[in-house]
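Engineer: Work the whole structure out from these sequences, hints included.
Listed below, chain by chain, are the residues.
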Amino acid sequence: MRTCDDLRNHLRPVVESSLSLLAGFLAGGIIIWAAGFNPILFYEALIAGAFGDIYSTLNTLSYSTPLILTALSFAIAARASLFNIGAEGQMYFGVLAAVSIGAFIALPSVMHQLCIITLAILLGGLWGAVAGWLRVSRGVNEVVSTIMMNFLALYLVNYLATYVFYDPLQAYKTKSILPSAELPLMVPGTDLSLAFLLSIATAMALYILLWRTPLGYEIRAVGLNPSAARYGGIDVKRTMITSMFLSGATAALAGAFEVMGRFYYTDTGLSIVRNMGFDGIAVSLVGRNHPIGIILSSIFFAMLKTGIQAVQRSTSVGGRTGVPLELGLVVQGIIIIFISIPEMLDLIRRLRGRREV
Amino acid sequence: MDTSMLFILLQAPLYLGTLRLMVPITLPAIGEIITERSGVVNIGLEGIIMLGALASVYVGYFTGSLLLALLAGILAGVCVGILHGIISVYLGGDQIIVGVGVNVFAYGLGVITLYLSWGTFANSPLIPDSARVPDLHGISPFVVLTFMSGVTAWYLLERTSIGLRLKAVGENPKAADAAGINVFRTRFVATVIGAVFAALGGTFLGLDWLASYTRDISAGRGFIALAMVVFSKWNPILAILSGLLFGFFFALSLTIPSGIIPDQLVWSLPYAATLLVAAGFFTKTRAPAAIGKPYRRE
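Sequences listed follow chains A and B, in order. The numbering of the first sequence is our numbering, which starts it at 8 and goes up by one. The numbering of the second sequence is our numbering, which starts it at -18 and goes up by one.
Zero decoy hints are in this set.
Facing chain A, from chain B, some residues (calculated, C-beta under 10 Å):
| id | residue |
| --- | --- |
| 1 | 64 |
| 2 | 75 |
| 3 | 79 |
| 4 | 86 |
| 5 | 91 |
| 6 | 92 |
| 7 | 95 |
| 8 | 207 |
| 9 | 211 |
| 10 | 253 |
| 11 | 256 |
| 12 | 259 |
Derived coverage of chain B by chain A (criterion: at least 3 residues anywhere in the stretch with Cβ under 8 Å from a Cβ of chain A; other residues may be distant):
| id | segment |
| --- | --- |
| 13 | 96 to 109 |
| 14 | 245 to 251 |
Just some of the chain A residues that point at chain B, by a computed CB distance under 10 Å:
| id | residue |
| --- | --- |
| 15 | 152 |
| 16 | 292 |
| 17 | 331 |
By construction, these hints were calculated from the structure, which means they are not laboratory data. Values in this document were obtained by computation on a predicted structure and should not be read as measured data. Built from N, CA and C at the ideal position, the CB exists for glycine as well.
Structural biologist: So this is what it looks like as structure tokens:
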């Protein structure tokens, strides 16, 4: 009997997340239909484009890499009941770390990558910790501070990319990083680099940190009930700042890996990574702020991205006249709105009950 | 200071620009004050500004009617307000998450509409003159509307029993409920009103300032409005003053010719100022006690 209840409690979030995904797809289907396409053909082409053969599957996994990291970033802060919308800006610092050390300092391989990763963790972590500090010592809601800091990070990194790290031959981008700083591709001919394995490893590391270490216990205790945590002798303020540091550091890894494993440079406007920090929020919410859930849901959202790109190329569903990539955002927005509804299952049950009466 | 900088500060366009640029941040801030005073946070202001602008530009472009365009913008606000109100007030959902969802959805819908209606990813063509908001003696009627809304909202909140009930719901919903005030309905109405104000801010951008829709039309204004609420201590009159301050920063960043100061520094000004203000380096504030917490009857 107990195991049965346990199972039900574990299945519940999975079912609720799935319902939200379904709702997002349905609403997306309505928009596709309104735009004059056949939604069923569209979704068929989308799934085929994302998982149709081994190359597209590996590319989908490759696109899930930054999402895993920005979603983990959101989740660590969320576990301490902080709503970090700043992964976007914190991620830009990872891009900065990668292009500065990667392109302008010559180091032996491995050493080179490690230096970039360390700087990314420090810069992103500190940028996150500032928001944590503002929250605990100045009472600034982290939602407000991280949003403002996203803009500041964008303009700061944009400035440095334009005036310091630019490529003298092509001013729209920074210099490319040296081969010694690149993360190697795991399968030639795809986009799948070592970054994917590193992000899975980060998810595992954070899982262990959150559920198997005293710090993780403190973070979760603060998240569940800050006043009880304080009575229990936990330094709530320090724990919140620490979780914001970890959150920012993880987001910065996403930016660093996109440069080291895919683009090898950034355009000065940072469009190579734009919005991936925000995407992480949806990925983490659907994955219920849990590392395993996050890996699964980031593959789902990556499918949305590679799939829509494939649909744009395919001729059977309208080809170039098809729907823009932003359709994915509409679907994502609706999924988030549905996720916010609590106890969706109970609600459906209640509505059904009412109809029967 | 550079002499050319001084010259800019003495120019009339800077101050006329300030008056106009305060509108799309101050209207949403006034609305959000009403919403937050009732205990509900709407972080989806950014998205509502976009949807208000999108609906009004779309209808304005295809009908050429200013009245219909204005109504469409307001209707967009009402719809999102009802959605936010149902989820966060009646269902007790997470208010922040709904708002984030609205922002993501609105941005995506804006770009899709741009592409499907006008075949572009950047900005729509200009709306016909008949759908533009005409200036009255060189001043946009929206500027007048903003000042009037701020004063009216302050009067309602601080000098009437309606305002008293609204604030009671935001400070102590349990006591308000016991006193016979309908907590759910009060919060729901305050949420819808707040969303309409945000949509009006977007309508101003679409029908007046830009006369078109662009993919980044709100450019963080919804978030600045959220910070302005804190800055103005949930007081609509102070919201007008802070709107003038931030409007000035925006106008300044548009008037300073590039080359004098790095563009990025100028663009950063409104956001850096917001952060410093929210951090309370100038003033101490206190939020409504029950803010962000769903109310459930026991």
